[in-house]
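J.: Here is what each chain is made of, one letter per residue.
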Amino acid sequence: MKDLSAKNVGMIYDVPKGEPVHALEDVNFDLRGGRLLTLLGPSGCGKTTLLNILAGFLAPTSGEVTLGGERIEGPGQDRGMVFQQGALFEWLNVEHNVAFGPKMNGVNKEAIKPIVDDLLNTVGLSGFGDKHIYELSGGMQQRVALARCLANDPDVILMDEPLGALDALTREKMQGLILKLWRETGKTVVLVTHSVEEALYLGDRLFVMAPRPGRIDRSYDLPFAEAALGMEPRELKASAEFIEKREEVLSLIWEMEEQIMGHEGA
Amino acid sequence: MPDFDPDASSPSTAWLKRAFTGADSTNARKTVTFGDAAAVRSLPLWSFLSFVLLMAIWYVVKIGGDDGILNDRTFASQKDTWDAFLLLASEGYRNITLWEHTSASLSRVGQGMLWGTVLGVPIGLAMGLSSKLRGFFDAPVELFRPIPPLALLPLFILWFGLGDKSARNLLIFASIWIMIIAARAGVRTVNLSKIRAAYSLGASKPQILWRVILPNALPEIFTGFRVAVGVSWGTLVAAELLGTSTGLGSMIFQARNFFRIDVIIVGVIIIALLGVLMDIGVRFLEAKLIPWRGKG
Chain A
736 MKDLSAKNVG
746 MIYDVPKGEP
756 VHALEDVNFD
766 LRGGRLLTLL
776 GPSGCGKTTL
786 LNILAGFLAP
796 TSGEVTLGGE
806 RIEGPGQDRG
816 MVFQQGALFE
826 WLNVEHNVAF
836 GPKMNGVNKE
846 AIKPIVDDLL
856 NTVGLSGFGD
866 KHIYELSGGM
876 QQRVALARCL
886 ANDPDVILMD
896 EPLGALDALT
906 REKMQGLILK
916 LWRETGKTVV
926 LVTHSVEEAL
936 YLGDRLFVMA
946 PRPGRIDRSY
956 DLPFAEAALG
966 MEPRELKASA
976 EFIEKREEVL
986 SLIWEMEEQI
996 MGHEGA
Chain B
10 MPDFDPDASS
20 PSTAWLKRAF
30 TGADSTNARK
40 TVTFGDAAAV
50 RSLPLWSFLS
60 FVLLMAIWYV
70 VKIGGDDGIL
80 NDRTFASQKD
90 TWDAFLLLAS
100 EGYRNITLWE
110 HTSASLSRVG
120 QGMLWGTVLG
130 VPIGLAMGLS
140 SKLRGFFDAP
150 VELFRPIPPL
160 ALLPLFILWF
170 GLGDKSARNL
180 LIFASIWIMI
190 IAARAGVRTV
200 NLSKIRAAYS
210 LGASKPQILW
220 RVILPNALPE
230 IFTGFRVAVG
240 VSWGTLVAAE
250 LLGTSTGLGS
260 MIFQARNFFR
270 IDVIIVGVII
280 IALLGVLMDI
290 GVRFLEAKLI
300 PWRGKG
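Chain order of the listed sequences is A and B.
The numbering of the first sequence is this note's numbering, which starts it at 736 and goes up by one.
The numbering of the second sequence is this note's numbering, which starts it at 10 and goes up by one.
Incorrect hints may have been included.
Unchecked claim - Derived BS3-like pairs (lysine-lysine); straight-line CA-CA distance at most 25 Å: (1) A/K908 with A/K980; (2) B/K214 with B/K141; (3) A/K848 with A/K742; (4) A/K737 with A/K752; (5) A/K908 with A/K844; (6) A/K866 with B/K297; (7) A/K866 with A/K908; (8) B/K26 with B/K39; (9) A/K915 with A/K844; (10) B/K203 with B/K214; (11) B/K203 with A/K844; (12) A/K844 with B/K214; (13) A/K848 with B/K203; (14) A/K866 with B/K203.
Stated by the list, open to error - Selected chain B positions facing chain A (Cβ under 8 Å, derived; list incomplete): (15) T198; (16) S202; (17) G211; (18) K214; (19) V221; (20) W301.
Stated by the list, open to error - Label-pair ranges, simulated between beta-carbon atoms: (21) A/E967 with B/P131: 30 to 40 Å; (22) B/L218 with A/A900: 49 to 59 Å; (23) A/S872 with B/T40: 49 to 59 Å; (24) A/H867 with B/I278: 21 to 31 Å; (25) B/L218 with A/I747: 45 to 55 Å; (26) B/T40 with A/M996: 29 to 39 Å; (27) B/L54 with A/P968: 50 to 60 Å; (28) A/H867 with B/N36: 20 to 30 Å.
Simulated from the structure, these hints should not be mistaken for laboratory data.
All values reported here derive from a predicted model rather than from experimental measurement.
Ideal placement from N, C-alpha and C gives every residue a C-beta, glycine not left out.
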């Protein structure tokens, strides 16, 4: 598995008639291949910007990001992307959405079919292949998005608030699916979330990011994603250790929010 | 009908009540009905009643024939109109059958729409995808679009002569701006996430154009197509009054010179029916080709 690294990454947006915005300043990390990193922080901390830089959708104004030592210059199939919503192709049914990647690469139909069937099975959508996207619930749509991104067998899966639009119950189920996929495929995952609980539960590594300028404020190595293997999610989330971490991270983010408020009030 | 009896009327007349009032099981328990616009639909029975009313008015104004409310030089009776239709269908008017007039008109609309779409959609897509091309085409599109096509008919007759060529080119002019703007709007509806997802899945630029941008723009393009068909049909019939010797418009114009009101009315009814049929056809295609429209 390839390591994902950022060296002195900075991102400055020029604002017409205003001060340039430091969306990211001096971001450095090395993520060993096969880990699940969650990015958490208040709005404006640059977590989505960082994810877009890793995906190759944005070029940083300084520094570089590398995958397996190779500099990321643009979008590529080695990095699959799952968006919050609206990224599935409504004009294709479920099967053809999942088959999109291999098809674009000229894989022949007979070879695509088993890939698609296997992935639909993995995400729990067997038998839904001929359904249209608009016939599916939000949770099922995100299952399709996961399957579609896995079809090209990427090294890294990047997720931009993938569960943000789902109701609480569906969200818990989908968290389980993401953990299952991560373990079964052994892929590197980077997941942006607004939810402290989700960041702690899913991440075996967590960056809490801070705004103005956007940066990594604290980095945690977490035991919960591993522990979830033999434990009920509810039980885990109710454990003393989990609650303690949650309070710690929450107060960290509260402090940041209060600083922002103070800053804006001044 | 378990559990449904909006007004405790007897079961045998319940269907009649529903046909008149539109009350059904989903709306029966609503207490707020006036202003509930989403629940308003077209009740077929009332459409039928208005049609019967129109036919009745037509009948009444022609009671007494030439001595009726409208005389024969102003309006034809239903019977005369029907006879004229049978004559037009079999022998034709001035040696040209109704079918020949109709097919001439339809083929002009078909050709105009074909070329208007084939030329307009790529220009619209290009305008939606490139700031340079957007700038380049903005001037002609914004300048030519407001011109009523019929204002150009005298020029087109000078350039292309009387007949098919003038009519077809006029219809291209009538439809192309609508198609350009529709395609341009269609491109703008694309969610950047879709484009980014496609790149991450290994799609090339042509694949993204063909497999993401174009299908994504289809609903808008279809809306434009429907509008353009309506505009073309209206423009054509008017253009045929002057510019051609065949076509429904031309038939009406010639009939006017001989005071054949009955032939004029047949022409008008056929124009109306074909307009309705075309709209139904485009809507049917839309349901078949873009079932995802307006869902999710």
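J.: State for each hint whether it applies.
T.: Hint check results:
no., hint, result
1, A/K908 with A/K980, "holds, 22 Å"
2, B/K214 with B/K141, "holds, 18 Å"
3, A/K848 with A/K742, "violated, 40 Å"
4, A/K737 with A/K752, "violated, 42 Å"
5, A/K908 with A/K844, "violated, 32 Å"
6, A/K866 with B/K297, "holds, 15 Å"
7, A/K866 with A/K908, "holds, 21 Å"
8, B/K26 with B/K39, "holds, 17 Å"
9, A/K915 with A/K844, "violated, 28 Å"
10, B/K203 with B/K214, "holds, 13 Å"
11, B/K203 with A/K844, "holds, 23 Å"
12, A/K844 with B/K214, "holds, 22 Å"
13, A/K848 with B/K203, "holds, 23 Å"
14, A/K866 with B/K203, "holds, 19 Å"
15, T198, "violated, 11 Å"
16, S202, "holds, 4 Å"
17, G211, "holds, 4 Å"
18, K214, "violated, 11 Å"
19, V221, "holds, 7 Å"
20, W301, "holds, 4 Å"
21, A/E967 with B/P131: 30 to 40 Å, "violated, 57 Å"
22, B/L218 with A/A900: 49 to 59 Å, "violated, 28 Å"
23, A/S872 with B/T40: 49 to 59 Å, "violated, 31 Å"
24, A/H867 with B/I278: 21 to 31 Å, "violated, 40 Å"
25, B/L218 with A/I747: 45 to 55 Å, "violated, 32 Å"
26, B/T40 with A/M996: 29 to 39 Å, "violated, 46 Å"
27, B/L54 with A/P968: 50 to 60 Å, "holds, 57 Å"
28, A/H867 with B/N36: 20 to 30 Å, "holds, 28 Å"
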